[in-house]
Amino acid sequence: MPVLTKTLIAGSLAMLFALTGCAATGPAPAASGPSAPASATPASADTTDTPSASPARQVEGSVVRFTARGVSVDVVIGADNAATRGFLSMLPLTLTLEEFSGREKIGYLPRKLDTTGSPGSDPEDGDLIYFVPWGNIGFYYNTAGIGHSDQVIHLGTYQATTEQLTKLQGGDVTVTLAG
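In mature numbering (1 follows the signal peptide of the UniProt record, and there is no 0), the protein residues as written are -23 to -1, 1 to 156.
Just so you know, these hints were derived from the structure itself, not from any lab.
Treat the hints with caution; some may be incorrect.
As the list claims (entries may be wrong) - With a straight-line cut-off of 25 Å between C-alpha atoms, the simulated SDA-like cross-links for lysine to any residue are: (1) K144 - D57; (2) K144 - G94; (3) K89 - L142; (4) K89 - G47; (5) K89 - T73; (6) K144 - A155; (7) K144 - T93; (8) K144 - T134; (9) K89 - T134; (10) K89 - G55; (11) K144 - D102; (12) K89 - T151; (13) K89 - L68; (14) K144 - N119; (15) K89 - G103; (16) K89 - S66; (17) K144 - T44; (18) K144 - E76; (19) K144 - T73; (20) K89 - R42; (21) K89 - T153; (22) K144 - H125; (23) K89 - D99; (24) K144 - R42; (25) K89 - G147; (26) K89 - A45; (27) K89 - P110; (28) K144 - P96; (29) K89 - G148; (30) K89 - Q35; (31) K144 - T92; (32) K89 - G38; (33) K144 - G97; (34) K89 - E140; (35) K144 - Q35; (36) K89 - Q128.
As the list claims (entries may be wrong) - Simulated DEER-style distance windows between Cβ atoms: (37) T93 - H125: 13 to 23 Å; (38) D51 - G79: 30 to 40 Å; (39) T151 - G124: 17 to 27 Å.
Every residue gets a Cβ at the ideal spot worked out from N, C-alpha and C, and that includes glycine.
Could you put the whole structure together from the sequences, leaning on the hints where they help?
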């Protein structure tokens, strides 16, 4: 085979391999920032999280595990909305839980969540919620007398005793996506 033909074949193969490396093999990564869908609500100047959800990631039904001192509490995410997507985008994270008012164990997230389109709720025992004004999450275990609030966003539900929740408070709690 002539040298020119070998050179052309080798060059063509090299170009083919180089282009193959540029081909998309899966969904394109989600863009962040301004390419998110426009909203009728103006953007705020705070440090609110504005995640761009990946279509491949299922939000509703995801299980988030809170672990500390030999105890794990699993939370099943209840709905796909801006707040739950923002919460999941922070994982894994470490936070501290504390007792609040004999009703819930609360912890502060590293940044506020975008709550656009996330409905308020009438919390029940066993709910993990996001409290909009303070930017904290809360494990409700005593909701007697608490009614609906647009400032309380339902993130998910859990099944744990008050004793298990108490073991989560006062130190580092690791929060991960289970499974």
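Hints the structure fails to honour: 1, 2, 4, 7, 22, 28, 31, 33, 34, 35, 38, 39
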